[in-house]
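J.: Here are the chains, one letter per residue:
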Amino acid sequence: MIVEAVLAVTLTGALLVAVGPDRYAAKLATVVSVLPLAGSLWMWTEYAGEGNALLESGEVAFQTTVEWLTLGQYTLQWYVGVDGISLPLLVLTTVLTTLALVSSWTPIDERQSQFYGLMLLLETALIGVFVSLDFFLWFVFWEGVLIPMYFLIAVWGGPRRKYAAIKFLVYTNIASLIMFAGLFALIFGLGDSITTLSLPEITQAVLADELGSFAGLEPDTLKMFAFFLLFLGFAVKVPLVPFHTWLPDAHVEAPTPVSVMLAGVLLKMGTYALLRFNFTMLPDVAADYALLIAAFGVVSVIYGAVLALAQRDMKRIVAYSSISSMGYVIIGLIAYTPHGLGGATFQMISHGLISGLLFMTVGVIYNATHTRMVGDMSGLANRMPWTVGIFITGAFGYMGLPLMSGFAAEVLVFIGAFQTSVVPAAPLLTALSMFGIVIVAGYLLWAMQQTLFGSFELETDYEIGPAPIHDVASIGVLLGLVVLLGVAPDLIYETIQDGVNPLVDFAGAALTGGA
Amino acid sequence: MMGTTALTTLAGTATVPQFISLATKDVFKLAPAIALFPLASFFISLFLGKRMPKGGALAGIAATIASLALSVWLVIELAIGGGTYQETLYTFVGGASDSAVVEHTGVELTFGLLIDPLAALMLVIVSLISLLVHLFSLGYMNDEGETGLPRYYAGLGLFTFSMLAFVYSDNLLMAFVFFELVGVCSYLLIGFWFREDAPPSAAKKAFLITRFGDYFFLIGVVAIFATFGTTAFAGENSFVTMAADGLNPDVAAEGIDTPGVSEDTWFTVLGLLVLGGVVGKSAQFPLHTWLPDAMEGPTPVSALIHAATMVAAGVYLVARMYGFFALLPTVLAVIALIGGFTALFAATMALVKQELKQVLAYSTISQYGYMMLALGGGGYVAGVFHLTTHAIFKALLFLGAGSVIIAMHHNENMWEMGGLKDRMPVTYATFLAGSLALAGIFPFAGFWSKDEVLFETLAHGLGGSPILLIAYGFGALAVVLTGLYTFRMVFLTFHGEPRTDTAEDPETVGWSVKLPLVVLGVLSVVGGVLNMGVLKDIIGESNLFLHEWLDGATMDTDLGALSASHYSEVLEADYGAGYEVTDLSPLGPGVVALVFAVVGVGAAWYLYSGADPEPKMTRLGRVRTVLLRNYYQDEYQAWLATGLTLPFSRIADKFDRGLIDGIVNGIGTVSMVVGRQFRQIQTGVVTNYAALLAFSLLLLLFAFGFVGGWF
Amino acid sequence: MTVSVEWYLLLSAAVFCVGLFGILVRQNALMFLMSVELMLNAGNINLVAFALYWGNLTGQVFALFLIGIAAAEVAVGLGIILVLNRNFDDIDVTEATTMRW
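Those protein sequences? They're chains A, B and C, same order as listed. In case it helps, my numbering puts the first sequence at residues 1 to 515. In case it helps, my numbering puts the second sequence at residues 516 to 1226. In case it helps, my numbering puts the third sequence at residues 1227 to 1327.
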């Protein structure tokens, strides 16, 4: 029942904060958000699940199943629970939300109760996405994320907020539709062999080859068709090049805390869903098109990084580099090796923390300077030493500096991807994608040199001093987590491995002939 | 993987008395602390430095003293009978009991300790120089009233930690981790004076270029892990041993996974990939351009990082996994060629520089070229020997330059100095000792090591490797230039008449500056005793201390695959590099090299020794311009970054916003335009709606009728 | 004598067409309303006629409902016309075109 409790507390909190007065909204929301945080951490310590939730051997932790209503042959359920893949993401969500809420104290000064209410609503939906194991329920949460996100960007955003918000909404919504069609192709193809829409049941039925033909498509064609619809749908969310253009706009216009949630958690929904649906349900199709998928990953890594080079807006830089980082996840996932899948999942967590850290730090700087443009200012290190110190460290983390989480994640992905036999020419593709670590160093170092160093220059009619203590504290905590996971990746990597290993055993063995 | 490997069990053989065995155990248990002391000083300086006297320097000094003491103790323990020692300290990935990772991949990623003569020697060098640099900084930074001292000492501490941990790494992954950390520390320290424009830019360049090298290194690490399932340096299950077994037709090798190419081709690729990191970090051509720029950092930092230790990391890495490189003739040839060429190439540029530290910077590049030359040429001991002596005399020269810079109020232009010899005698004497060592004049430390480098290359080259002879030619030629630029620097700085008021009346320097100079000066004079290879025939091979040390001959235990003699064996094996040694007396080549060096020094004396020397290099005309502009290496690299990559990224950005986003927006626009057209039928006039309704109804009726077959 | 159902249908169609014609050509909102009533009643005629034809009362009951709905609709319609008059000083339906895009 802990999952329900977390969801209920967050949702109730969201409503309370939304109707409460503006004066208390910020602090109240932060306090409320500590409850799901505590809940998820408790789940972390008590976690006793085993294996992958979608596969037969998996034991789902904190599971609840309640029948809800029956539609034709299908019973819709309230079916929630976590495994080694979703639990770290759940904790990531609650941790980032709390920190994002703290980082909202300074920049958000109007319609506070609505803002904080929506943030908590967003958290509810995100938690829901990661804990749902019934497709229908999952889809409700999946779409539910869009609503608060739309308003958060459209109301509290920058000058082009309406454009960005509608672009985000329409783009991801169309993607959802495509993905929905893809999954329903599978569901209809399965015909009578399933009676609920629970994801484990669908997965196991598909894997057991119970797929019949549907709408004149043979099972194999149907699988391929479903795979590509699902892939397309999730690729937008990840986002993979060339479906990425909503992301920079959304990031640039969104207020800092929303950017943090967007980069930190929302993008992970895409890769999480890819892992859950495409790569778990249809491993044979994935293996058939491994080269294409890996190429998507490599192109995203390099192209995203190259684009980041050309940007002046620091938020745009981080946004494009997020595209680059998420490319690594794809490369890791398609490898179907323990370190590939595990490293990719680790990269989701790591990127969540590091991109959150960078967005927050850029936000802290923006709060003080009211500009994010590289070239508009220089020498910030003179005025905000601790913030700048954390920024530099975080940026090095983003470049994959050893003993920070990005390095652990990337090295694991590289090792996993390098030795896979699923992808043709894997060593070459991996080596190519690794060039991203050079480009990322290029633009981050350039941006840092321009903005942080040199003599202090910025035209303002007020004095710029150190950032408020709570801002520094929140980025400090995040940095601490990044370093902690970088020094001791085992803290979460074991759990992740436990979740992805059955997949490697099942799919990997079948695909690579036991290699 | 399993705590202490087979290597350690060799340490406690029966011949060793019980008390030594115990003592051995103790110091090896303490060995991790060699790196951890400076890590502690990093935290102390960073967070408490402001409240401490000397801005955290004392913490750093205490830590490096402790590290040095432990390192020396290690050396002693090794010498009196402790064997090599390997221990897994920390499991990075897969450390949990019944770990799911290990269950599936069968491998853990670990951090461990590998103490052998090479590592112990390097630990002493690094901690010694770090200690002296800390002391020197008291004079250079504290007394000069710099701000941000806690940051400075924290940087030094973190650097020392990373470097020491790199040195005792027992596997390539850990080595990479600390290799990168060392690079970051370098970034932080080069950019220490971040309020100015040049240092941050130099820091960025240094990090980027070494990162470019590390990119290949990282591929190498990943590929080695994927190929062998391990990155361990030593032991039965190390990749070095596995690679040797894989190439050795007499041994059945298992567990090597090459991606569809033959083993020797693939190992060569692996070797070249790792070499990428080495070339970047050790500032070899063509990735050397960051090092001269890195002189923007404080001078003690230049001494510590960009001369004695961090730049040594690349060369040290080659020495560390020499058992692997010794298998690969192509890679060795590349190493030797790069080294020899860099030695000559950098020396030419050093000829025309006007700033004291610039001369030293190019000289550093050149000297690391010699080390690469030695390692590539099959002279493992020679490479390590030159690494050792160079660390000492180059640190000395940089600190000496620092002393001059203090005296000259941070003016580095040699043409504005002159005559400092009488005004700062201690600095002069020690600097001269360092210069003689650098130029390779008998009997200073550099003479012995450089001669051995050249001798080894020549010996192996004459044994049937013409490429080595070319590399030797480069190296020998560079000896002349080394003598020339070194003494040009000495004469311009210290001799003649003072050419400016500051040089007339330089600032005095304190004991904290002089003490490190004296220590290093003495070592520069006597350091050659370690390995007087030139006199091998006279003093006997057993008196080549460094050789014996690296061969494990001074120890009770067998070094096995880590010993110098094993490396020679591999070098000469058919499955290895296939080098052959000619029977050549070291005396002849030694004399030749000495003559070359003397010619260089003499030329400098001839050109610059007067009371008021003229700029002579201007006679080189356009050649001088080319040299001053560093062969336009910076230009083309800057062009690669800003002239090629940046415009390319801008085009990509245009493409992205124009085409890809254009399509997205286009779809949006089309929908909107179509909608705008369609809504025209909503006139607002009810009658029209009714007409439309009626008309549609009729249409439907007809349609149904038509389909239903009424007509 | 019984009138056959075709005649009722013809009547209904005729009334419907009259109503439709009114809607299409009239501009006065009151005439509009009347025309709509005519069309509704054409429907009523159909219902009653078929009820008679099948001997089933459902149609007649529905006719009663329809009459009720028609009354309500007239009330709403008249309300709209009053508002229309107030806003546009006229009850010409072609004038009131503000409720478009």
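Mixed in with the good hints there might be a few duds.
Stated by the list, open to error - Pair by pair, the computed Cβ-Cβ distance ranges are:
1. A:L484 x B:L1099: 53 to 63 Å
2. C:S1230 x B:F1219: 23 to 33 Å
3. A:Q63 x B:A577: 33 to 43 Å
4. C:S1230 x B:S1211: 38 to 48 Å
5. C:L1256 x B:F1219: 47 to 57 Å
Keep in mind the hints are simulated off the structure, nothing from the lab. Each residue gets a CB set at the ideal place from its N, CA and C atoms; glycine is no exception.
J.: Is 33 to 43 Å a correct range for the gap between the Cβ atoms of A:Q63 and B:A577?
T.: violated, 56 Å
J.: That 38 to 48 Å hint for C:S1230 and B:S1211 (C-beta), does it hold up?
T.: Since C:S1230 and B:S1211 have Cβ atoms about 31 Å apart, the given range 38 to 48 Å is violated.
J.: Okay, C:S1230 versus B:F1219 on CB: inside 23 to 33 Å?
T.: holds, 25 Å
J.: Regarding A:L484 and B:L1099, is the given constraint of 53 to 63 Å on their beta-carbon distance met?
T.: holds, 57 Å
J.: Return holds or violated for the Cβ distance of C:L1256 and B:F1219 against the range 47 to 57 Å.
T.: violated, 35 Å
Hint violations for this structure: numbers 3, 4, 5, all remaining hints satisfied.
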